[in-house]
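Sequence lines, in order, name chains A and B. If you're matching positions, the first sequence starts at 1 in my numbering and goes up one per residue. If you're matching positions, the second sequence starts at 1 in my numbering and goes up one per residue.
No wet-lab data here; the hints were simulated from the structure. Heads up, a few of these hints could be off.
Unchecked claim - Simulated crosslink set (DSSO-like; lysine-lysine; CA at most 27 Å straight-line):
1) K104(B) to K121(B)
2) K36(B) to K292(A)
3) K296(A) to K146(B)
4) K292(A) to K104(B)
5) K104(B) to K77(A)
6) K296(A) to K121(B)
7) K104(B) to K296(A)
8) K36(B) to K146(B)
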Amino acid sequence: MPPLVFANDAPTAAERLKDASGVALIALLLGIPMIGLTTADQGGSLQVLTRWPLLAAFIAASFCGRLVVRYLLDALKRRRQAQDRQAGAAGAKETRRGGRMLESIGWLAFGLALVLPIVFSDNRYVVDTATTVLIYVMLGWGLNVVVGLAGLLDLGHVAFYAVGAYAYALLSTQFGWGFWAALPVAGIIAGVFGLALGWPSLRLRGDYLAIVTLGFGEIIRVVLINWTDFSGGPNGISSIPRPTFFGLPFVPSSDNPTFATYFGLEFSPMHRIIFLYYVILVLSLLTNVLVKRLRKLPIGRAWEAVREDEIACKALGMNVTNAKLSAFALGAMLGGVAGVFFAARQGFISPESFTFNESAIILAIVVLGGMGSQLGVVLASVVLVLLPELGRDFAEYRMLLFGAAMILIMVWRPGGILSHREPTLLLSSEGGRRE
Amino acid sequence: MSSDVAVPLLSVERLTMRFGGLAAIDDLSLDVPPGKITGVIGPNGAGKTTFFNCLTGFYKPTVGSVRLNHPERGVLRLEDLPSHQVAHTAQVVRTFQNIRLFPKMTVLENLIVAQHNVLQKASQFSLAGILGLPSYRRAEAQAVAKAVDWLTRLGLIDKADTAAGDLPYGTQRRIEIARALCVDPLLLCLDEPAAGLNPRESGELNELLLRLVADEGLTILLIEHDMSVVMNVSNHICVLNYGRKIAEGTPKQMQNDPNVIKAYLGEEEADELLYGEKGGESTGVTP
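Model the full structure from these sequences, guided by the hints.
Below, the structure is given as structure tokens:
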């Protein structure tokens, strides 16, 4: 039925056997020293023993395994090609339908996020993990503006996360600021740091910018470690005040009304956990609405245009530096806000929380999710936070599993989990203008 | 010098662009009259694209000046403006030899991005935009209307919602021109707009260029290799070779200019053509 059949689409039986024999040969070569020969302690001296049956089994398994894997890969490829052809024919309508489906998945995810702490109201582990997922979602959405929309490779996003966290920690412990007052201020401070970094470095492109941001991330961390008077050095800052529910603290007992006494509830530490969950949920939803909205505005289109072709933007009269700086500052600000929440949730921060590893994970979330895709960030955050959690049983193989999963996702979907791009406005239906 | 009395829209004076020891443009002077199509031709490596890059702020010329007589803003020195200001303030807009669209964005989005400055102003640091104020909505509706207008005129309207990168080459060329037109150019600089077009498409391009000049009063500066385009639409042609201007005049004059023929065909073959047995007068530079 397909009009074009390439030679490697449907290999003949001989080709398959040849391919599998090749693998079996490699298995043989590798297997002789590793499986075929073994040493055993016999009467105090080492003896070399042979295990030919085991080796034969290994080779047979490699041979059959290769046949099966090859067959599955070919089948997958054929199906993908067929899908591509269909997609090409269907065109814009398909795109729109895809967009609508993603939207409904998004609402479903939102609904789930809303009821999660109610369903698991007595399971602290689940709510805590979900909160962590949401922190990464928020960080991912912030970085998505920089990397996904504006196409600026930022390897030091954690620096702004750290700036936000330390800004809140210092404002609250030194000056007695509350969580809600410090939240926007710390966000703005992080945004200013973004501008300060962006101003000199955004004329660099691609790899060069990546190195500069990487360096910036390290500078912030090293300063935090060494400037003991300011940041407490490696000891970090502890007893950071927790957010209150409109002035009502979450404490077992106090002279003033607490959350529990005010609402006539029995005190439970879960109240705070659930409250924190909803705080980050609201913060990240605000982020989502803001970014989605900005994407449909001139500035958002400018970001995407800069990602697509910077020179063309200049030729059209766009001030590319401003566009990049605004993306960078916004990303930094959102990272800073996530940092404030992180500091308030943990109650303790130290430079150890802001290593390059964090930057890498946030970037991985954006890339795995599909650059520029908001829902993709959510899915990738869930995968990247849950995988190590689920993998706890595998102990030291945990990170191996994590890495393998990342590789698989990128092989399976090189554009990220959701690489679908929703146009910011459509001509054919007036609905395209609105959400 | 062209014969018309009108003040030139663009005057290039003694422009030189050096890369190390190489003078890509050497002492080039050229006047571009308003409301006309001026062709710039020359063999590969003659410095045509470098000339465009100097005009549009992508290169800073080593020596020389590029002055634009803007009807509202007076004389602007293009060599001092950064590239985005050349397009925004001086309204000199260019296209590229190797098409530079925003491939993942739709055709309509491409044309809306071209109106970024107008829209950005209307969105007032995105505040009016985020709040969805009527002033911003109106500006956006106007921008869409302008884009739709150009898309209709260039026969691209049914492609409006397709990703620009998915369209065939010839269509992408037209989209790039439509996008440049959305910037409201005074002077449109087209860098090989007919490259990769088939004869029918380049015929359509001719018509389009002539219509733009006639209907919109646009001034066009055209780099082109396709002689069927340059010779048919240009009012005036400037020939470059090794960065120098070797001839200037009407298309007819250029077709018979010995220097031009030499530059294109090489010394010996040109001699044969010009002074050989035939000595026909209709021999031109047509490839």
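Structure-based check of all given hints:
1. K104(B) to K121(B): holds (25 Å)
2. K36(B) to K292(A): violated (45 Å)
3. K296(A) to K146(B): Holds. K296(A) to K146(B) sits at ~18 Å (cutoff 27 Å).
4. K292(A) to K104(B): Answer holds: K292(A) to K104(B) is near 18 Å, not above 27 Å.
5. K104(B) to K77(A): Answer holds: K104(B) to K77(A) is near 24 Å, not above 27 Å.
6. K296(A) to K121(B): Holds, at roughly 15 Å.
7. K104(B) to K296(A): holds (15 Å)
8. K36(B) to K146(B): At roughly 24 Å apart (the allowed maximum being 27 Å), K146(B) and K36(B) satisfy the hint.
Checked against the numbered hints given earlier, the structure breaks only hint 2 and satisfies all the rest.
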